[in-house]
Amino acid sequence: DSGVTQTPKHLITATGQRVTLRCSPRSGDLSVYWYQQSLDQGLQFLIQYYNGEERAKGNILERFSAQQFPDLHSELNLSSLELGDSALYFCASSGGTPSSYNEQFFGPGTRLTVL
Amino acid sequence: DQQVKQNSPSLSVQEGRISILNCDYTNSMFDYFLWYKKYPAEGPTFLISISSIKDKNEDGRFTVFLNKSAKHLSLHIVPSQPGDSAVYFCAATPRAGTYKYIFGTGTRLKVLA
Numbered sequence: 563d564s565g566v567t568q569t570p571k572h573l574i575t576a577t578g579q580r581v582t583l584r585c586s587p588r589s590g591d592l593s594v595y596w597y598q599q600s601l602d603q604g605l606q607f608l609i610q611y612y613n614g615e616e617r618a619k620g621n622i623l624e625r626f627s628a629q630q631f632p633d634l635h636s637e638l639n640l641s642s643l644e645l646g647d648s649a650l651y652f653c654a655s656s657g658g659t660p661s662s663y664n665e666q667f668f669g670p671g672t673r674l675t676v677l
Numbered sequence: 016d017q018q019v020k021q022n023s024p025s026l027s028v029q030e031g032r033i034s035i036l037n038c039d040y041t042n043s044m045f046d047y048f049l050w051y052k053k054y055p056a057e058g059p060t061f062l063i064s065i066s067s068i069k070d071k072n073e074d075g076r077f078t079v080f081l082n083k084s085a086k087h088l089s090l091h092i093v094p095s096q097p098g099d100s101a102v103y104f105c106a107a108t109p110r111a112g113t114y115k116y117i118f119g120t121g122t123r124l125k126v127l128a
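Which chain is which? The protein sequence lines are A and B, in order.
Last residue of the first sequence: number 677 in our numbering, and the count goes up by one each step with no gaps.
Last residue of the second sequence: number 128 in our numbering, and the count goes up by one each step with no gaps.
Keep in mind the hints are simulated off the structure, nothing from the lab.
Backbone N, C-alpha and C fix where the C-beta goes; we use that ideal spot for every residue, glycine too.
Watch out, some of these pointers could steer you wrong.
[Said to hold, decoys possible] So, partial list: chain B residues that the calculated Cβ filter (under 10 angstroms) puts toward chain A:
{"no.": "1", "residue": "Q17"}
{"no.": "2", "residue": "V19"}
{"no.": "3", "residue": "Q21"}
{"no.": "4", "residue": "N22"}
{"no.": "5", "residue": "G31"}
{"no.": "6", "residue": "Y51"}
{"no.": "7", "residue": "F61"}
{"no.": "8", "residue": "S67"}
{"no.": "9", "residue": "F80"}
{"no.": "10", "residue": "F104"}
{"no.": "11", "residue": "Y116"}
{"no.": "12", "residue": "G121"}
{"no.": "13", "residue": "K125"}
{"no.": "14", "residue": "A128"}
[As the list claims (entries may be wrong)] From the structure, some residues in chain A lie toward chain B, with a derived Cβ separation under 7 angstroms:
{"no.": "15", "residue": "A576"}
{"no.": "16", "residue": "G604"}
{"no.": "17", "residue": "L605"}
{"no.": "18", "residue": "F631"}
{"no.": "19", "residue": "E644"}
{"no.": "20", "residue": "P670"}
[What the hints assert, rightly or not] Each computed DMTMM-like pair below joins lysine to aspartate or glutamate, with the alpha-carbon atoms no more than 20 angstroms apart:
{"no.": "21", "chain 1": "B", "residue 1": "K20", "chain 2": "B", "residue 2": "D70"}
{"no.": "22", "chain 1": "B", "residue 1": "K71", "chain 2": "A", "residue 2": "E665"}
{"no.": "23", "chain 1": "B", "residue 1": "K69", "chain 2": "A", "residue 2": "D563"}
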């Protein structure tokens with residue numbers, strides 16, 4: 563157990579809809595990262611938040627947005643969903659203690675299926 | 016543009032033998048590299064890392080080698096065990112710590128008993 567929690571575990575929705583994925587980082591971690599893994603692909607970095615502020619951005623679509631709240635949990639919002647958005651979405655956290663500074667701890671992922 | 020490449024999608028190795036997983040990168044700004052292991056229905060878990068100031072890092076059965084001139088790193092697992100069967104991802108970042116990682120597409124390792 564990495565200490566990172568993600569909800570829901572599975573999500574099935576229709577094209578055009580909007581969903582929200584939630585992530586709670588490990589206790590004390592200030593950074594949250596979101597990744598997308600499509601079928602047989604590597605993990606594609608979407609966005610990073612550090613202590614509530616956006617720190618780095620990857621290939622995140624304009625239809626997607628994220629935020630990190632004062633209690634450090636994060637939400638990834640996906641709107642106007644398309645079939646191609648079906649993927650595993652992982653959240654990771656880092657930055658708690660010096661020994662874990664360079665390591666990202668991943669949650670179990672949310673599997674999104676768009677029908 | 017795939018900056019981190021794992022050209023072998025799969026690898027099968029006999030139990031007790033050495034597993035060698037390879038990773039190539041193109042961005043000379045990368046200075047920190049990591050290997051993650053992923054089991055089905057779980058998130059990736061950190062395995063081992065190496066800074067660009069080193070050419071080798073060892074942790075038990077796992078050793079990572081870095082060849083900066085060739086922009087190549089490899090993960091050696093000795094001896095391989097059936098529990099090592101998983102997908103292995105290499106990742107790179109231009110700055111260790113709070114910065115994005117660029118992941119390869121993964122290599123599925125199967126250790127045969």
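Q) Which of the stated hints cannot be reconciled with the structure, identified by number in ascending sequence? A) When the structure is compared with the hints, numbers 4, 5, 8, 9, 13, 14, 15, 18, 19 and 23 turn out to be violated.
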